[in-house]
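K.L.:
Residue numbers (the numbering used here): 12 to 153.
Rather than coming from a laboratory, the hints here were simulated on the basis of the structure.
Treat the hints with care, since some could be wrong.
Stated by the list, open to error - Pairs of lysine to aspartate or glutamate, EDC-like flavour, derived with a Cα cap of 20 Å: (1) LYS80 to GLU90; (2) LYS58 to GLU77; (3) LYS98 to GLU69; (4) LYS81 to GLU70; (5) LYS80 to GLU70; (6) LYS80 to GLU69; (7) LYS91 to GLU128; (8) LYS80 to GLU128; (9) LYS104 to GLU87; (10) LYS83 to GLU131; (11) LYS93 to GLU132; (12) LYS93 to GLU121; (13) LYS104 to GLU132.
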Amino acid sequence: GHPRINEFRQCLDSITSLKVEISGFNKKQIRYINSMLNGKVAAEKKKKVATLVSKFREEITMLMNELNKKNKKITELGEKYKDLSAKYHAIKKDHDTGDGYYTESRQLLECENTNLEFFEEIEAITTRNSELENNLQLIQQQ
Numbered sequence: 012g013h014p015r016i017n018e019f020r021q022c023l024d025s026i027t028s029l030k031v032e033i034s035g036f037n038k039k040q041i042r043y044i045n046s047m048l049n050g051k052v053a054a055e056k057k058k059k060v061a062t063l064v065s066k067f068r069e070e071i072t073m074l075m076n077e078l079n080k081k082n083k084k085i086t087e088l089g090e091k092y093k094d095l096s097a098k099y100h101a102i103k104k105d106h107d108t109g110d111g112y113y114t115e116s117r118q119l120l121e122c123e124n125t126n127l128e129f130f131e132e133i134e135a136i137t138t139r140n141s142e143l144e145n146n147l148q149l150i151q152q153q
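The task is simple: from the sequences and hints, build the whole structure.
P.N.:
Right under this line is the structure:
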């Protein structure tokens with residue numbers, strides 16, 4: 012075969028073995044964290060555990076509110092993106108018919124910036140969601 016194909020296959024093999032390693036490491040970490048938490052909870056008095064749980068519940072409620080705000084923001088950004096996209100296409104038509112090149116370029120740049128904001132918001136919310144799910148699982152285990 013072509014040397015590039017072999018190089019590509021080697022890369023794929025490396026990636027696959029890394030995935031297996033990471034998966035194993037994550038499982039070990041989760042087991043370790045679970046046993047640590049179980050040990051700590053067992054060591055604490057029931058009153059302290061109840062306090063912890065109520066604090067977690069408050070935090071989760073707060074995070075849920077934050078999440079709702081972020082979701083609204085995402086919706087707003089989505090609408091803004093649609094508007095910018097429509098403006099861009101209109102301006103592009105103007106450009107294709109022979110005028111407004113500079114305006115079209117600026118509009119495209121604004122569109123890209125909005126896309127970046129949108130992407131960053133989604134990343135932040137995805138991370139927050141994972142944290143919330145983890146906290147909920149911990150509480151349910153208690």
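K.L.:
Each hint should be assessed against the structure and marked as holding or not.
P.N.:
Hint check results:
1. LYS80 to GLU90: Holds, at about 15 Å.
2. LYS58 to GLU77: violated, 29 Å
3. LYS98 to GLU69: Violated - the C-alpha atoms of GLU69 and LYS98 are around 43 Å apart, more than 20 Å.
4. LYS81 to GLU70: Holds - the C-alpha atoms of GLU70 and LYS81 are around 16 Å apart, at most 20 Å.
5. LYS80 to GLU70: holds, 15 Å
6. LYS80 to GLU69: holds, 17 Å
7. LYS91 to GLU128: The given pair, whose Cα atoms are some 11 Å apart, holds under the 20 Å limit.
8. LYS80 to GLU128: Satisfied, since the Cα-Cα distance of roughly 15 Å is no more than 20 Å.
9. LYS104 to GLU87: The given pair, whose Cα atoms are some 26 Å apart, is violated under the 20 Å limit.
10. LYS83 to GLU131: holds, 15 Å
11. LYS93 to GLU132: holds, 16 Å
12. LYS93 to GLU121: holds, 12 Å
13. LYS104 to GLU132: violated, 31 Å
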